Amino acid sequence: MASMTMAKALNTALRDAMEADDRVVCLGEDVGTLGGVFRITDGLAKDFGERRVMDTPLAESGILGISIGLAIRGYRPIPEMQFDGFSYPALDQALSHLAKYRNRTMGHQPMPVVVRIPYGGGIGAVEHHSESPETYYAHTAGLKVVTPSTPADAYALLRQSIEADDPVIFLEPKRRYWAKGEVDLPVTGLPIGTAAVLRDGTDCTVVAYGPMVKVALDAADAAEEEGLGSLEVIDLRSLVPFDEDTVVASAEKTGRVVVVHEAPEFLGFGAEVAARVTERAFLSMEAPVLRCTGLDTPYPPSRLEEVYLPGVDRLLWTVKRSLDY
Amino acid sequence: MDAHDEQVRLLDSEGNVETHPNYKVDLDDDQYLTLYRQMVVARRVDQEGMHLQRQGQLGIWAPLIGQEAAQVGSANALAERDFVFPSYREHAVGYVRGVDLVEMFRLYRGQRLSGWDPAEYNFAPYSIPIATQALHAVGWAIGAKWDGSDQVAMTYFGDGATSEGDLNEALNFAAVNAAPVVFFCQNNQWAISVPLSKQAAGPLWRRGPGFGMPGVQVDGNDVLAVYAVARAAVERAREGGGPTFVEALTYRLGAHTTTDDPTRYRTRDELDLWTAREPIARYKAFLVKAGLWSEEVEAETQAEADRVTAHVRQAVEDMPNPPLSDLYAHVYADPPVTLRRQVERLEEFESELEEADA
Numbered sequence: 001m002a003s004m005t006m007a008k009a010l011n012t013a014l015r016d017a018m019e020a021d022d023r024v025v026c027l028g029e030d031v032g033t034l035g036g037v038f039r040i041t042d043g044l045a046k047d048f049g050e051r052r053v054m055d056t057p058l059a060e061s062g063i064l065g066i067s068i069g070l071a072i073r074g075y076r077p078i079p080e081m082q083f084d085g086f087s088y089p090a091l092d093q094a095l096s097h098l099a100k101y102r103n104r105t106m107g108h109q110p111m112p113v114v115v116r117i118p119y120g121g122g123i124g125a126v127e128h129h130s131e132s133p134e135t136y137y138a139h140t141a142g143l144k145v146v147t148p149s150t151p152a153d154a155y156a157l158l159r160q161s162i163e164a165d166d167p168v169i170f171l172e173p174k175r176r177y178w179a180k181g182e183v184d185l186p187v188t189g190l191p192i193g194t195a196a197v198l199r200d201g202t203d204c205t206v207v208a209y210g211p212m213v214k215v216a217l218d219a220a221d222a223a224e225e226e227g228l229g230s231l232e233v234i235d236l237r238s239l240v241p242f243d244e245d246t247v248v249a250s251a252e253k254t255g256r257v258v259v260v261h262e263a264p265e266f267l268g269f270g271a272e273v274a275a276r277v278t279e280r281a282f283l284s285m286e287a288p289v290l291r292c293t294g295l296d297t298p299y300p301p302s303r304l305e306e307v308y309l310p311g312v313d314r315l316l317w318t319v320k321r322s323l324d325y
Numbered sequence: 326m327d328a329h330d331e332q333v334r335l336l337d338s339e340g341n342v343e344t345h346p347n348y349k350v351d352l353d354d355d356q357y358l359t360l361y362r363q364m365v366v367a368r369r370v371d372q373e374g375m376h377l378q379r380q381g382q383l384g385i386w387a388p389l390i391g392q393e394a395a396q397v398g399s400a401n402a403l404a405e406r407d408f409v410f411p412s413y414r415e416h417a418v419g420y421v422r423g424v425d426l427v428e429m430f431r432l433y434r435g436q437r438l439s440g441w442d443p444a445e446y447n448f449a450p451y452s453i454p455i456a457t458q459a460l461h462a463v464g465w466a467i468g469a470k471w472d473g474s475d476q477v478a479m480t481y482f483g484d485g486a487t488s489e490g491d492l493n494e495a496l497n498f499a500a501v502n503a504a505p506v507v508f509f510c511q512n513n514q515w516a517i518s519v520p521l522s523k524q525a526a527g528p529l530w531r532r533g534p535g536f537g538m539p540g541v542q543v544d545g546n547d548v549l550a551v552y553a554v555a556r557a558a559v560e561r562a563r564e565g566g567g568p569t570f571v572e573a574l575t576y577r578l579g580a581h582t583t584t585d586d587p588t589r590y591r592t593r594d595e596l597d598l599w600t601a602r603e604p605i606a607r608y609k610a611f612l613v614k615a616g617l618w619s620e621e622v623e624a625e626t627q628a629e630a631d632r633v634t635a636h637v638r639q640a641v642e643d644m645p646n647p648p649l650s651d652l653y654a655h656v657y658a659d660p661p662v663t664l665r666r667q668v669e670r671l672e673e674f675e676s677e678l679e680e681a682d683a
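For the record, the sequence lines run as chains S and L.
Each step along the first sequence adds one to the number in the working numbering, with nothing skipped, and position 96 is 96.
If you want the working numbering, it's the position in the second sequence, counting the first as 1, plus 325.
Hints are computed from structural coordinates only; laboratory data are not their basis.
Quick caveat: nothing in here was measured; it's all calculated off a predicted structure.
Each hint should be verified, as a subset may be incorrect.
Sample of chain L residues facing chain S (criterion: CB under 8 Å; computed from the structure) [claimed, not checked]:
| # | residue |
| --- | --- |
| 1 | D442 |
| 2 | T457 |
| 3 | A469 |
| 4 | S488 |
| 5 | V637 |
Note that beta-carbon positions come from the ideal geometry of N, C-alpha and C, so glycine has one too.
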C-alpha cells in the first residue's frame with residue numbers, strides 16, 4: 001500500500017495502460033515534453049516516445065477529431081482537454097461524432113476514446129478554468145461520463161475507461177489532484193456504473209461526485225459531531241451510467257436525499273437524481289430531494305468562488321432543511 | 326512550395342487532348358471506358374434518387390449531377406487499401422469504392438443513419454456536419470504513418486467547408502505531421518445559396534501552401550485531369566511526401582438537396598453556361614476522337630446504368646422499415662442500466678398498444 005496523489009495515480013494508470021496495450025496513445029496540448037500543465041502525463045513522452053504521447057497544435061476540435069480518426073485506425077486514443085473551459089471547441093466532435101459513430105455504423109465502428117478533462121473550481125483560477133461541463137456530456141446518448149474522487153478510484157476508473165469500447169468523458173476534479181490517498185496497485189475497484197456508499201448513515205443521504213465527495217464526507221463528520229444526524233454518503237463515480245439502484249435503496253432507507261455538485265442547479269445532474277428518486281422511492285420519502293449546488297450564474301471571479309461553490313456549511317444547512325421539512 | 330497558378334486541364338471543352346508539363350494519364354482502353362461507364366451510371370442513379378424522392382420513397386436526396394468527373398476521377402486514383410472520408414454527396418465515390426449504391430439510399434430514405442460497414446469498403450459513413458470528417462481522415466492517416474503502412478486517406482468536402490474551423494485544423498494537423506492524406510475539395514461554387522465570392526476572398530487551392538503543403542487547382546469537369554492530379558497527390562502521400570490540397574473546380578448543376586430551390590439565388594444564364602461545360606459530354610467527345618467510343622460501348626454503358634438503376638429502385642421500394650431494436654441496439658457496447666430500463670418500458674408500451682389494437 002502506497003500513499004500517492006490523484007495526479008500520480010492518474011499518471012500511473014496511463015503508464016500501466018500504455019505498457020499493457022501499445023494501441024493506447026495520449027495526445028493534447030503540452031502533454032509531451034512538459035508532461036501536461038497538471039503533470040498528469042509527466043515522464044510518459046520520455047518513456048514511450050513522442051509518437052505515443054503527442055504534443056499537438058493548439059486546437060481542441062482538432063485534438064478530438066484526430067482521436068476519432070485514430071480510433072477508426074484501431075488505436076485507443078486518450079486526448080486531453082487542457083481545461084474544462086477550453087473543451088467547448090471540441091463539443092461538436094464529441095456530440096456529433098464521438099457519441100454517435102458506433103450507433104451510426106450499426107455497431108461496426110466502436111469509439112474507444114477516453115477524453116480527459118480537468119474540471120471544477122476551487123483553485124483560485126481566472127475565468128474558463130473552473131467549469132463543470134458534466135451535464136453537456138451526460139445529456140448526450142453514446143457517451144459515458146466518469147469522475148473519480150480519490151487517488152485509488154482515479155486509477156481504477158481510468159484503467160477501466162481505457163479498456164472500455166465506449167467513449168468515456170473522464171472528468172478529473174482538479175482541486176483534488178494533489179490530495180493524497182492510499183493506493184494499492186493495481187486497483188481493480190468497482191466497475192463503471194456502480195456507485196460507492198462511502199459512509200453508512202440513517203437520517204439523510206448525500207449524493208456527491210468528483211470534487212464534492214470530500215465536502216460530503218466532511219459534512220457527515222461535522223453532522224455527527226454536532227449531533228445534527230447520521231448522513232449516508234454516496235459517491236456516484238459515474239454519471240453515465242447512473243447507478244440509480246444504489247441511490248434509490250439509500251433513499252428508501254433514510255427517506256431524505258440531498259444532492260451536491262459544483263455545476264449550476266438548473267437542469268444539473270441533481271435534477272436527474274431528484275426525478276428518479278421521486279419516481280421510485282416516492283412513498284419512502286420524508287422530504288423532497290434538495291440540491292446544494294453552484295449558482296445559476298457564470299463561474300465568478302475567484303474571490304467569490306467560496307460563496308459560489310457548495311462547502312461544508314452550505315451543505316449542512318441544506319441537510320438541515322431536509323431534516324426539518 | 327509546389328503551387329500552380331493555372332488550373333490543370335488535360336481535355337479542352339471539345340474533348341481534345343491538351344498536354345501539361347506536370348500531369349498526364351496513361352490508361353488502357355478498358356480503364357478509359359470504365360471512367361465513362363462510372364460517370365454515366367452515377368448520373369443515372371442520381372436522377373433516380375431525384376425521382377424516388379419526388380415519389381415519396383426518399384425523405385431527401387442530395388444530387389451530385391455535374392460533379393461526376395470530380396468524384397469518379399479522384400476515387401479511381403485510390404487503391405482498395407486506402408480509406409475515404411466522404412461528406413454526404415459522394416455517391417459516385419462510394420460506387421467506385423464498390424459500395425452497393427442501395428446503401429446510400431438507406432440514409433436518404435430514413436431507414437438507417439448509414440448503411441455500410443466502413444471497414445468493408447474503407448469508406449467512412451457519410452458525414453453531414455460540414456468539414457468534421459476531414460479531421461477523422463487526418464487522424465486515420467497519422468495512424469497509418471505510425472503503422473509503417475503505405476495507405477493513404479482521402480477526404481472529400483466542398484467550397485463551403487473551407488470556412489469551417491475543423492477543415493483548417495485538419496490541414497494544419499496534417500501538415501505538421503506530414504500525414505498521408507489528400508484533401509479533395511469539390512468547389513461546386515455554391516454552399517446552398519451562398520456563392521464562393523461570399524465564402525472566400527482568395528483562391529481555395531492556396532490554402533495548401535498557406536498550411537505548408539502543395540495546393541493544386543484542377544478542372545473538376547475534366548475526369549482525366551482530376552484523375553492525374555489526384556493520382557499524383559495519392560502517390561506523393563504514399564511515398565511519405567505528406568498531404569496535398571486539391572481544389573477541383575466544378576459546378577453543382579442540381580439543387581443543394583431536394584428541399585432547395587436554386588432559382589431563388591442563381592441565374593438561368595449561369596446554369597446554362599455550366600450545363601454546356603458538364604463533364605460527361607466532354608469526356609464522350611474525347612472517347613469518340615480517341616476511337617474508343619462505339620455504338621456498342623454506348624449500348625453496354627446504358628444497359629449497365631439501366632441495370633444498376635433498376636436494382637436501386639427495386640431495393641428502395643422493397644426496403645422494410647427498420648426494426649424497433651435499431652433505436653437502441655448499437656448506441657453503446659455496454660449500455661447503461663437506465664437505457665435498458667427505458668427500452669423495457671417502451672417494449673411494454675408497444676406490446677400493450679398491440680394488444681389494444683388486436
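Hints and how they fare:
no.: 1; hint: D442; in the structure: holds, 4 Å
no.: 2; hint: T457; in the structure: holds, 6 Å
no.: 3; hint: A469; in the structure: holds, 6 Å
no.: 4; hint: S488; in the structure: violated, 14 Å
no.: 5; hint: V637; in the structure: violated, 20 Å
Checked against the numbered hints above, the structure breaks hints 4 and 5 and satisfies the rest.
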